[in-house]
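Protein chains in written order, with my numbering: chain A, 680 to 1097; chain B, 42 to 212.
Read the hints as simulated data drawn from the structure, not as lab findings.
All residues carry an ideal CB built from backbone N, CA and C; glycine is no exception.
Treat the hints loosely; a few may be bogus.
Simulated coverage check for chain A against chain B, where a stretch passes if three residues somewhere in it have a Cβ under 8 Å from a Cβ of chain B [stated by the list, open to error]:
#1 682-693
#2 715-722
#3 725-733
#4 1037-1048
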Amino acid sequence: MSGFTMAEAIIAAHSKDPAAPGNICGVRVDFAFANDITAPPSIKEFGNMGAKKVFDPARCAVLLDHFSPNKDIASAEQAKISREFAREQNLLFWEVGRVGVEHAFLPEQGYILPGEIILGADSHTCTGGALGALATGVGSTDLAATWALGTTWLRVPETCRVDFEGNPSPWVGGKDLILAVIGKLGVEGARYMALEFHGEGLSKLPLDGRMTMANMAVEAGGKAGLFLPDETVLDYAKARGKRQYSAIFPDRDAVYAKRIAIDLDALDPVVALPHLPENVRPAKECGDMPIDQVFIGSCTNGRMTDIEQAVKILKGRKVHDRVRLIVIPASYEVYNAALERGYIRDLTEAGAVVCTPTCGPCLGGYMGILAAGERCVSTSNRNFVGRMGSPKSEVILAGPMVAAASAIFGRVADPREV
Amino acid sequence: MQTTLTGKVWKYGDNVDTDVIIPARYLSTSVPAELAPHCMEDIDESFAKGVRKGDIIVAGNNFGCGSSREHAPIAIAGAGVSCIIAASYARIFFRNAINVGLPILECPDAVGEIGGGDAVEVDLEKGTVTDKTLGKTWTARPFPAFLRDLIASGGMVPWVRRQLETRGAGA
């Protein structure tokens, strides 16, 4: 018998069923959460299931981040449903001002840990793969079932192994790496599969950059985007972890259904053009593509490394007259660190607006909606039709360095032009 | 559940994402009747106005890619669609459709030939798709046994209810 991939090994450790690709396994879930959009339907189905108590209040959470601080009356009512349920169940809940974008906040707080199975009613739950957790998104009813039972069913995914060769230049970050992967695989190239990232060059990538990469596994259709926990991750988890855990690694003789390689030495800063994340081009090859807005933030790129990279480029420079730059740190830990280091001042002096942590404009919620005909360079994860506002607007995905350079030039720009 | 479904076809291509199925600007509710009027509006303004009860969506690969919003299959079912036939589905949408009781079939051969506006009949028990306009029948890919049982037993909500009852009885 051949060995396990990382996804298979984690499922095997959580299930009595054989963890062979394609099998459906009942698994124990270590942590299960929903947000202000997905929690209300979960709460309703939880009731319909006849459930009275969540399986373990210390392993269940609701985070208000999408339309919170409340954007209108309807979202205020939705938030209220979540709040009341959280209090009644005594599950994990943090008020506005003490929370953040779920996939930035939960790892910081030590709720996403190596070797675990994490379920979130949000597709970007796969961010947790950066910490070596099999973290995946589900809908509200599946999440409600896990809240009730502490288990779920998972189809054991086949694994696509991605080998990064060489070393990244200082002008590329996690976003460029994952866009290169999605450009190569296409938006359904890893449909139903787990991505497993390998390569010595990755050890130089900060954890924030790895979270950016794991976050967008779903944009290639993936169930998870997994990194092998190295010393950086194990130290981080040890310092912050809220539970006992044990890291899990793939076997040497694991069988991979698919393999691709990315040459980091040859990788330029890239963007994904409208309207699919697979439309990847080097930023320098975009010609004169004027823009109206730049958004730096989201669960993909709203962490300290991202703010730092943007500030390095923007400090002492000015945002182009025609452009509005919106920066949203993804958590208060990031927000406060940026405040202490003077980054917020650097950004506002460059002409940016800096907002409170929220998903906000990424999904066309609020705080930066696009009008018809407008174009935005965004560090978020999706550039589908209508994603950030009008169905006649355009979103170009990029990392924070390309985004900051673009804000200065008023067009899609390579950071090396600054 | 009704096992034979008949309706007119609304045809779409590959990668129909959840942002176009139901844009996030309408997600401050999960009530089917409130979501349905906006279903598909960013790629097809005629859909919500023209769709009739029983109609069928036929689409290419990776249907429902993107967000985990269960509002997507809720909006489609709320609009009156009886069934989706696609070449393949994104994984979260696949689970969500089963959980909200919206029948879905995977049948790439049928998708290749069925045209928009065709009259199609689906037999859920046999897993067959018949295009009455073309006079052709295809068989969809069967689901794994676990999922067939889950669907046959009424879906996720009653399944969990029974699990909880069993646990309660055992306690």
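Do the hints match the structure? See the list:
With a threshold of 8 Å between beta carbons, the proposed coverage of the segment 682-693 of chain A by chain B is violated, since 0 of its residues qualify and at least three are required. Coverage of the segment 715-722 of chain A by chain B holds in this model, with 4 residues showing a Cβ closer than 8 Å to a Cβ of that chain against a need of three. Closer than 8 Å: that is the beta-carbon criterion, and the segment 725-733 of chain A has 4 residues meeting it against chain B, so the requirement of 3 holds. Only residues whose beta carbon comes within less than 8 Å of a beta carbon in chain B count, and the segment 1037-1048 of chain A has 3; three or more means the coverage holds.
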